[in-house]
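Once you've looked at the hints, dock chain B against the given chain A.
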Amino acid sequence: MLNILIVGNGQCGNRILDAINRESFGKKSRFAKYLSQQKYKSNVQTIAINTAVNDLKEMKFTKAKDRIHIPHLHGVGANRNVGKHVFEDNKTHIMRQIEERGDFDVCFVITSASGGTGSSFTPMLIKEMKSKYDYPVYSIVVLPFREEGTLYLQNAAFCLRDIRESGSDGIILADNQFLKQMGGNVESAYNGINDMIARRILFLLDALDSEMMMVTDLGDFKTVMNGGAGLATIGFYEAGADIPVRSAIQKALSPSGLLFSSDVYEEASRAMIIIRGDRERLSIDEISTEVEKLSSAVGHVFKGIIVRDGELPQVLAVLTLESASELENLYSVAVDAIKHERDKKERVSTIKEVDKAFSQIDGMDPSY
Amino acid sequence: MVQPTRLFIISLCMILSCIALAGSASAAVEVYNSSIEMGNGYQINNYVIDVTDVFVSANSASFYVYEQNKEVKNILLNTGDFFEFDFEGRGKVKVTLRTVSSGIIPRAGVSIVLSNYNYQSLYKNDIVNGGHEFATYSGTPELRMSKTIDKSEIGVGDIVRVTVTVENVGDDKAVDVIFQDPQQARFLLYETFVTHSGQTTVDVGESKTLYVYQLKATEAGTYTLSPTTASFSNTAGQKFPLASSNSPVVTVGASEDLVNAELEVTTILDRYAVSRNEDIQGTIRIKNTGDAPATGVTVSVQVPDGMELIGSSDIETISGVPTIYLESFGVQQEREFSFTLKPQEVGTYTLSVQNSYRFNNGVDAQLQQVSSSSVTENIYVSKGKYDYLFEQPIYVYLVPLLIIGLIAGWIYYRHKQYKF
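First to last, the sequence lines map onto chains A and B.
Residue numbers for the first sequence follow our numbering, beginning at 11 and rising by one.
Residue numbers for the second sequence follow our numbering, beginning at 32 and rising by one.
Chain B on its own, in the form it takes in the complex:
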């Protein structure tokens, strides 16, 4: 819950901010205070105040106000008088004739004050020689961008052609135009026919083809292509918001050309509860259920401490890890590798089998790498039938062995004595 004191401070800040903003917008700014030759004008943005006549003898001058060559006001002022006209909505322009003076060309001293307007928005503020006919007006360029595709439903691996065009449907030339066409996820840029880079201009009514390229779908799904954007300004240097193209939708279905190798690696043990030193017969079964052959198939068996794996000739020990390596493994091929596990210590163990392989999916240039692992159920190793024998003190065995050895030695000695 917000505390009352904090709420008051926040409200106060907001009110002060509004007052400050209102103050800056409503403040009057004198944009010009000098003389203008008869026949010239003064341009404020798209408005031109022409001084059409100066009557020195009558201490008066006539003014015409144009908005983009369209007359919005005319008036004859005596010195000291003024007139006002609306400016771009709420703004007001106050023109006061201060003096008139003679010369080769008579001049009128004027003061132009702009009020109720954000001065920061003023982009043109200067004398126009020759009056409004020679003024340069600024317009609003409008870039209409279009992104089209030649087909909206394709398969994985198929190609779609993308064309991006732009047309300036505004009333001013677009300058400093920079187009951006982002890369498309799940697609590969297959081939480019038309591209564009750097800054450019688009005249009013001009239409351009910006990009033409082909994309290759790599994954099934429905995808919305990212829009192409353009940043631009009008001839007066005004920046406009980014123009965006449409976002066409492409549905990528599973292609019949895409193939996979899918190896099922199954580890089967003949029993999971054994006594120490009893053999466990194990089988690793590898089957390719996919529709592409696999290469570089590696199946490594992580034998836990306390167990020993006695493999067959097909299971090599690489860096201390029993490993099956198959250079290639065909579609629907199935092989079994037998091994023997000999638990040497009492305990609970699992056997971890890790496998990896590569395959060509028929689409991508590079091989696909697949890795997975599996773990067997717990293997429970209990004491062996004769383990208690090993728990006896050493002399229990040495003494009988010594006696047996002596007897055997004696018998052998006597046998040799009597053997003819």
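So here's chain A without its partners, still in its complex pose:
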């Protein structure tokens, strides 16, 4: 049994972590925590870290002892510099919390790249963990909507770079911009994205610790994540009753099945495909055909098959990327945002338009 630590940093990381915990109950009901137990195959420990206490209070399926509040007003206000100072001040407390939970085989740190607490805490946390522990630490980073604002774009750009430089063993990207195709209102879109990410991670955790017909394990996952540019994404598809496993694999690898928009046949470096379902529905020929097709494009593909009686085929693909055109697009937008923020700040500090307005009543008194 694997010992797995999942850390959710900031509001986005907390919500995805809570969604993982909720999904682990196997039921959607809000009373699931009273009616059943979490169905982790591994020994999974979760920790939610936030400076905003309200974000921690919103969590419903994460135990109170696993929610760590770092007191600093009600958040760091999307200011990564403030966030870094807060982490530095509370580093001992945070690391003690992780230390108390024991030793692990792997750790996932979930965060938004654009927010304040998550984007500033995650690189520093990973750095601290890597300096103390020898287990791999992977980050799951959610990229912002492009129209969310210059500060968020700016934060995303610097956060990603910081995480890469922190020593993270891999970054799994999830792009809100790409996932907003799910439609619906803002709340349901966010919840949908969180649920989607949560299901993929749970599938991955399940796959890493399951008896398989064809074996993939944590070692294979490490190898996959070591490939490429250190960036990865996850594709997933759950087939209907009339969809063959081949189509399910294809849809999992298609842009609509990925968390981060990519042409896997062009940009992927290594891949791991895990297929789960009823034995009758898992055609080895179809699976082999699709896997061979992918491996001919990306090189090596790890393949795992989990037999579950009565289940429809589900496909999870972990792909590391050599290049990411969408990421380049993000950075080009981010650069414009950084320049815009810098210019605005300079303009405000030099011109002081408001002072001009006030100067018009210099030397005057009110008359009543």
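Be aware that one or more of the hints could be misleading.
Said to hold, decoys possible - For the chain A half of the interface with chain B, some residues (derived, Cβ under 10 Å), not all of them: (1) K43; (2) K67; (3) M69; (4) K70; (5) F71; (6) R77; (7) H79.
If you're looking for bench data, these hints aren't it; they were derived computationally from the structure.
Owing to the predicted nature of the structure, the values given are computational and were not obtained by experimental measurement.
Even for Gly, the Cβ is constructed at its ideal location relative to N, Cα and C.
Here is chain B on its own, set in the frame of chain A:
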């Protein structure tokens, strides 16, 4: 029916008794047999036989017989002769001159025999020196007693004056007179002005006031006052039947001064057929319909076993009995006390209410005490709606409760786990 043998024995006894009585009355008794000096006499009751002359030489003597100084006979007898005279009705006295003898004063030896007379009735039988003029005769005292009242119609609480007098209208002095004036029921001896005690005498023609006192009527009605009686004897020591006074009648009407407190204690229940554990609302209503205030009013409720009384603050529990106590309760005052009865057992019950109070009737010095009790109609208590629940085995409740407790505990535990 009386049997013939027994009837014969009874008749025989009666006949023998009559013969015996007749024999004793007709038997001759010699009351004197000796000599009497000339000039003296011999008295038998109110009769005196004087020996007026003794003629020794002629062996004769003369006798005069007097009844209370009235001469009834005189005769000269020779020795050996006799004479007779009637004595007190049917009696006969036979006087026989037996001897004459000389001396300083001649004497005549006589024999006096009394017949047809009950010797027990003989109260005087002796020599009278000097003859009949010196005899003491006995008479018949007659006491006429009168009991009078100053008014014959009074009200309760009113006073009547009673005067008892006596007058001897007989011919002899009444001696050893003892008067008795019994106490009068329904009257109180209010004040005594003249009284009498001990033995006394009443001379012939004498009139005395024996008693003068006042009686206070305590109850309305018509009453005959008991007569005053007197026992007495005549100077000869003869006892006479009791003399009685008259018995005046006093009519005592209800006085306007007499007042009463009359408490009506009513117990009202809102229903008389209930299920177990259902509440019965009750009210005890106390009203003084009299014309005097009551004091020390106590109303105690005897609650039967199987019922519980939940009283208000006015109903105290004294020695386990719910009790209402009111120090005073005015005329026409009315109060209500509410309580709740909770039947705990199935059955038929009644509620007993006992009350007591005191009042001053304006006449008597001491307070009048009144007690009474009342009982409600039957209260029928049937099984409660959910009583069947209590008839189930204990595990029927324990198991679900245990499960609910475990679920609640689990939910609380999980809630605490996830509460931030």
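The hints, checked one at a time:
Residue-level restraint check for A:K43 holds (minimum Cβ-Cβ distance to chain B is 6 Å; threshold 10 Å). For A:K67, the interface hint holds, the least distance from its beta-carbon to any beta-carbon of chain B being 6 Å, beneath 10 Å. Nearest Cβ of chain B to the Cβ of A:M69: about 7 Å, under the 10 Å cut. The hint holds. Annotation: interface hint on A:K70 holds; nearest CB of chain B at approximately 7 Å, less than 10 Å.
The beta carbon of A:F71 comes within 7 Å of a beta carbon in chain B, closer than 10 Å, and the hint placing it at the interface holds. Taking 10 Å as the C-beta contact cut-off toward chain B, the hint placing A:R77 at the interface holds, the least distance being around 5 Å. With a cut of 10 Å, the hint placing A:H79 at the interface with chain B holds, because the nearest CB-to-CB distance is about 8 Å.
Of the numbered hints listed earlier, not one is contradicted by the structure.
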